[in-house]
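Chains A and B supply the protein sequences, listed in that same order.
Quick note, the first sequence lines up with residues 13 to 174 if you use the numbering used here.
Quick note, the second sequence lines up with residues 93 to 262 if you use the numbering used here.
In short, the hints are calculated from the structure, not lab data.
Using N, Cα and C, we set each Cβ at its ideal position, and we do this for glycine too.
A portion of the hints provided could be inaccurate.
Stated by the list, open to error - Computed from the model, here is a short list of chain A residues facing chain B with C-beta under 8 Å:
#1 L43
#2 A44
#3 A45
#4 A49
#5 C51
#6 T58
#7 A63
#8 A64
#9 E67
#10 A70
#11 V71
#12 S74
#13 T75
#14 W79
#15 L82
#16 F87
Claimed, not checked - A few chain A residues that don't get close to chain B, going by computed Cβ distances all over 10 Å:
#17 A24
#18 I33
#19 A61
#20 L96
#21 M101
#22 E104
#23 R107
#24 R109
#25 E119
#26 I127
#27 A159
What the hints assert, rightly or not - SDA-like, lysine to any residue: derived pairs with alpha carbons at most 20 Å apart:
#28 A:K92 with B:N98
#29 A:K118 with A:E104
#30 B:K131 with A:T60
#31 B:K131 with A:G150
#32 B:K131 with A:A56
#33 A:K92 with A:Q32
#34 A:K92 with B:K131
#35 B:K131 with B:R160
#36 A:K118 with B:R94
#37 B:K131 with A:T58
#38 B:K207 with B:S166
#39 A:K92 with B:R160
#40 A:K92 with B:K192
Listed below are the residues making up each chain.
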Amino acid sequence: MSGTVIELYSDADLRRLRAQIRGWRVALGVLAAVALAVCVALAAVTGTANAARTEPAAVIVSTVLGWVILYCHIFVVTAKQRELTHARMLREEERERVEGPVTVTKERLVIRKSITARRVEVRGEEGRRLLVCESRAGTLAQARATAVYAAHGYAAAYEVEP
Amino acid sequence: MRFFRNVFSQLHTFVLWALFSVLFWGWIFALITDTSPAKKIAVYCDVPELRDVDLAVELERHMPEGIRMVKVHSFDYVMMDIENIGKGDIFIVAASDLEKYAEFLTGPDGESGVKIYDAATGTGAAAEYIGYTDEDFYLFLGSGSVHLEDGKAAQVAGQLLSMTGDAPGD
């Protein structure tokens, strides 16, 4: 008998991820524009008397804000972009139903450089080891799932008793 | 901990960005703070201590028409590239070094230099900016200056000599 199937990434989750990525990109773009504007302003007011102060100031502003932008882009925006791609893949790929009690272990793996996943053990007749994205591990762990739908070795949805 | 782990994993990217930032803005500011010899007056001082920026700012208050900036350097600035000295417009040289730099020097009157610092009395022009040592110093124009004929080098030299009003004559 089949129970209720719940997606780990709903349409609303995908929309939220897309909005977050767009928001971060806009914020980082604004920060880059501010950094450039400050450096251009420093260059514009530079003369013989203050060049020894304005040049290091421009270098510091450019370097530090550049670091902030690079860090956020690499570790936030790109990570979210990868999660979105991963979530789309889970929604679109063909799935198989794996039945049995589901346990989310504490074992962590970093996949595709930035997606952190947790190991999932399904102790059914066959016994399967899957992965679940870290951001959805808590949901799956508390769900009392009776079956998992797997795509490419990842838990994409779970089934609970109605 | 995660922050530092992330940073170390991309350390090369952050170092490259810092390098790019230093080189790019260094280049931009070099373009802003320098110009062609035709639009600047370069003053070289044969002294160990020099308030180069302050002296340049003071001389820029009354720049000749067509001159955008005054650059003041100690001789150390061109020590590794002696050819650059030949491009100087004004020189302040210690008496003991006159022979050494003779080929680059010409006096405002076409011959000798003007004494700008007298060691015996301890008085000299622009002494608050130029750290004269314990010998006489002379002001010359550069024999390779592009501002000899238009008189702009001599004009700035005159301004330099009048900066304290007590410069000893030749």
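Hints, verified against the model:
The interface hint given for L43 of chain A is broken, as the beta carbon of that residue sits about 14 Å from the closest beta carbon of chain B, more than 8 Å. This hint is violated: A44 of chain A has a C-beta 12 Å from the nearest C-beta of chain B, more than the 8 Å allowed. Hint on A45 of chain A is violated. Least Cβ distance to chain B is approximately 16 Å, over the 8 Å limit. Taken as an interface hint, A49 of chain A does not check out: its beta carbon lies about 14 Å from the nearest beta carbon of chain B, beyond 8 Å.
Because the smallest distance between the Cβ of C51 of chain A and any Cβ of chain B comes to about 7 Å, under 8 Å, the interface hint for this residue holds. Using the Cβ-Cβ criterion of 8 Å, the hint placing T58 of chain A at the interface with chain B is satisfied: the shortest such distance is roughly 5 Å. With a least beta-carbon distance of about 5 Å to chain B, the hint placing A63 of chain A at the interface is held under the 8 Å criterion. Among the interface hints, the one on A64 of chain A holds; its C-beta lies about 6 Å from the nearest C-beta in chain B, closer than the 8 Å criterion.
Taking 8 Å as the C-beta cut-off, the interface hint given for E67 of chain A holds, the closest approach to chain B being about 4 Å. This hint holds: A70 of chain A has a C-beta 5 Å from the nearest C-beta of chain B, less than the 8 Å allowed. Because the closest C-beta pair between V71 of chain A and chain B is about 5 Å apart, less than 8 Å, the hint holds. With 8 Å as the threshold, the beta carbon of S74 of chain A comes within range of chain B, its nearest partner Cβ sitting at about 4 Å, so the hint holds.
The interface hint given for T75 of chain A is met, as the beta carbon of that residue sits about 4 Å from the closest beta carbon of chain B, less than 8 Å. Using the Cβ-Cβ criterion of 8 Å, the hint placing W79 of chain A at the interface with chain B is satisfied: the shortest such distance is roughly 6 Å. Because the smallest distance between the Cβ of L82 of chain A and any Cβ of chain B comes to about 6 Å, under 8 Å, the interface hint for this residue holds. The interface hint given for F87 of chain A holds, since its Cβ lies 5 Å from the closest Cβ of chain B, which is under the 8 Å cut-off.
No beta-carbon of chain B comes within 10 Å of the beta-carbon of A24 of chain A; the shortest separation is about 28 Å. With 10 Å as the threshold on Cβ separation, the claim that I33 of chain A sits away from chain B holds: the shortest Cβ distance comes to roughly 18 Å. For A61 of chain A, the requirement that its beta carbon stay farther than 10 Å from each beta carbon of chain B is not met, with the minimum near 5 Å. The beta carbon of L96 of chain A is kept farther than 10 Å from every beta carbon of chain B, the shortest such distance being approximately 20 Å.
Against chain B, the non-interface label of M101 of chain A holds: every CB pair exceeds 10 Å, the least being about 24 Å. No Cβ of chain B approaches the Cβ of E104 of chain A within 10 Å, the least distance being about 30 Å, so the stated non-interface status holds. Taking the minimum C-beta to C-beta distance to chain B, about 32 Å, the non-interface status of R107 of chain A holds against the 10 Å cut. The beta carbon of R109 of chain A sits about 36 Å from the closest Cβ of chain B, which is more than 10 Å, so the claim that it is off the interface holds.
With a minimum CB-CB distance of about 18 Å to chain B, E119 of chain A clears the 10 Å threshold, and the non-interface call stands. No beta-carbon of chain B is positioned within 10 Å of the beta-carbon of I127 of chain A; the least distance is around 14 Å. Once the 10 Å rule is applied to beta carbons, A159 of chain A is consistent with being away from chain B; the minimum gap is 34 Å. Restraint check: the Cα-Cα separation between K92 of chain A and N98 of chain B comes to about 15 Å, which is no more than 20 Å; the hinted pair holds.
Between K118 of chain A and E104 of chain A the alpha-carbon distance is near 27 Å, which puts this suggested pair outside the 20 Å criterion. At most 20 Å may separate the alpha-carbon atoms for a hinted pair to count; K131 of chain B and T60 of chain A meet this at roughly 14 Å. With a CA separation close to 70 Å, the supplied pair K131 of chain B and G150 of chain A exceeds the 20 Å bound. Between K131 of chain B and A56 of chain A, the direct Cα distance comes to roughly 19 Å. Compliance with the 20 Å bound is thereby established for this hinted pair.
Only pairs whose Cα atoms come within 20 Å are accepted, and K92 of chain A paired with Q32 of chain A is accepted, the gap being roughly 8 Å. Distance check on the hinted pair: K92 of chain A and K131 of chain B sit about 54 Å apart at the alpha-carbon level, beyond 20 Å; violated. Only pairs whose Cα atoms come within 20 Å are accepted, and K131 of chain B paired with R160 of chain B is accepted, the gap being roughly 5 Å. With a C-alpha separation of about 18 Å, the suggested pairing of K118 of chain A with R94 of chain B holds against the 20 Å cut-off.
A threshold of 20 Å between alpha carbons decides the hint, and for K131 of chain B with T58 of chain A the separation of about 17 Å falls inside it, so the pair holds. With a C-alpha separation of about 18 Å, the suggested pairing of K207 of chain B with S166 of chain B holds against the 20 Å cut-off. For the given pair, K92 of chain A sits about 52 Å from R160 of chain B by alpha-carbon distance, which is inconsistent with the 20 Å threshold. Annotation: proposed proximity of K92 of chain A to K192 of chain B is violated, straight-line Cα distance about 68 Å (limit 20 Å).
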